[in-house]
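For this one, chain X is given, so just place chain P on it according to the hints.
Protein chains in written order, with this note's numbering: chain X, 1 to 215; chain P, 1001 to 1215.
Restraint-style ranges between C-beta atoms, simulated for each label pair: (1) X:I201 <-> P:S1189: 44 to 54 Å; (2) P:K1199 <-> X:T6: 44 to 54 Å; (3) X:P51 <-> P:G1107: 50 to 60 Å; (4) X:F17 <-> P:T1065: 56 to 66 Å; (5) P:S1207 <-> X:S189: 37 to 47 Å; (6) P:G1034 <-> X:E200: 38 to 48 Å; (7) P:V1209 <-> X:S158: 25 to 35 Å; (8) X:S202 <-> P:S1124: 17 to 27 Å; (9) X:Y205 <-> P:Y1205: 18 to 28 Å; (10) P:H1213 <-> X:G144: 26 to 36 Å; (11) P:Y1205 <-> X:L106: 25 to 35 Å.
Chain P regions said to be covered by chain X (calculated; three or more residues, Cβ under 8 Å): (12) 1094-1102; (13) 1105-1118; (14) 1128-1141; (15) 1160-1173.
No lab work stands behind these hints: they were computed from the structure. Here a beta-carbon is modelled for each residue, glycine too, at the ideal position from N, C-alpha and C.
Number of protein chains: 2
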Amino acid sequence: MNKRQTLHVELNVFETFRPRLPSGYESIPIVLLGNISPELQAHVLNQVHSPRFVVADTMDLWIMTTRQELLDLLPRVDLLVLNDSEARQFTEEDNLIRAGRAILALGPRYVAIKKGEHGCILLSQDRFFSCGAYPLESVQDPTGAGDTFAGGLAGYLSGQNKAEVTFDDLKRAVVHGSLMASFCVEAFSVERMVRLSEKEISQRYESFVAMSHFA
Amino acid sequence: MNKRQTLHVELNVFETFRPRLPSGYESIPIVLLGNISPELQAHVLNQVHSPRFVVADTMDLWIMTTRQELLDLLPRVDLLVLNDSEARQFTEEDNLIRAGRAILALGPRYVAIKKGEHGCILLSQDRFFSCGAYPLESVQDPTGAGDTFAGGLAGYLSGQNKAEVTFDDLKRAVVHGSLMASFCVEAFSVERMVRLSEKEISQRYESFVAMSHFA
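Looking at chain X on its own, in the form it has when it is part of the complex (with noise of 0.2 Å):
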């Protein structure tokens, strides 16, 4: 299940949706634009007077499709979020570090590159993070992954509420994003997602610590 490959796509109520943020969100700090079209994402951020830290998600879908205005959005963005096929395919570059680097050159400060089993890498100019997925012996239903793990990486972002976003809190942001995700995959839909404890979550993260640090 370590492969994705997109045969259709209906966008339904997406295919006219112009969204219209309720009053107070344009002061947030911390913007997650999700998976829907860049020119979408870009029509939400505007929306938003001075965000903190936007982090944008995308897919196949936006890079063949509408690649110049995912351009356009990347210099706006702060953290983009892809997986590793997607990020060979929007760059031409086989290598995962040389295909980082290109998205670097695009605008984002800093890039996310999902490996499913594989756990994430993330990017800046200057600064490298790598983690491995949280080992599962089996995966029920990887649909929805990929929002759960940019939804756990910008709800850890928003929870700790700081002045600036480092490279150390992105770190922690990408492992509770993958973390996020791996309960995501052991049940059909949401259906661990609605009954996962915050004490479930702080237990993973603490063993995932145990099974990512060696010094």
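Below, chain P without anything else, positioned relative to chain X:
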């Protein structure tokens, strides 16, 4: 360069090789059984009196052609080293965590599964460790990376010379093996290794800690 396919093997001198350990070697504490036939690995191991820790490297060729000899060797091995495709082939499990557990059930106390650009995982019955690969923008020559991994790992354990090898020691051993392999692939053949300094190794280790730790 993340996949290797064996097209043809010429055993050459290994065809009729019956290694006889030099005097003094029969009392060494850390044994690395290099990637030769499991029957020859057993022949070498028989010459060592009460080793403290035995590492064995193996590959697809022995899994396919001398499976029973490999199965006979495994209960005498502390740590088996192999790559992801070989672990899947050996156990017929697609999920690497399940593949690792299936190998542990065959006798070794630990198994290290190498994943090329995706790093490495280490499993025991009740512990798990995962590390990424040192980020390289170009790989010149992957020849010998597996042998360098195993040698770096066993060399680290030898250098520690502890009365007992713990899981935490093995985490650092796996990281050292991985980093030594990252040097190996930076140049053709052994060119990078012969001009490698201890300072370069410790510097790469320190930067890899920063790339892997997050809490």
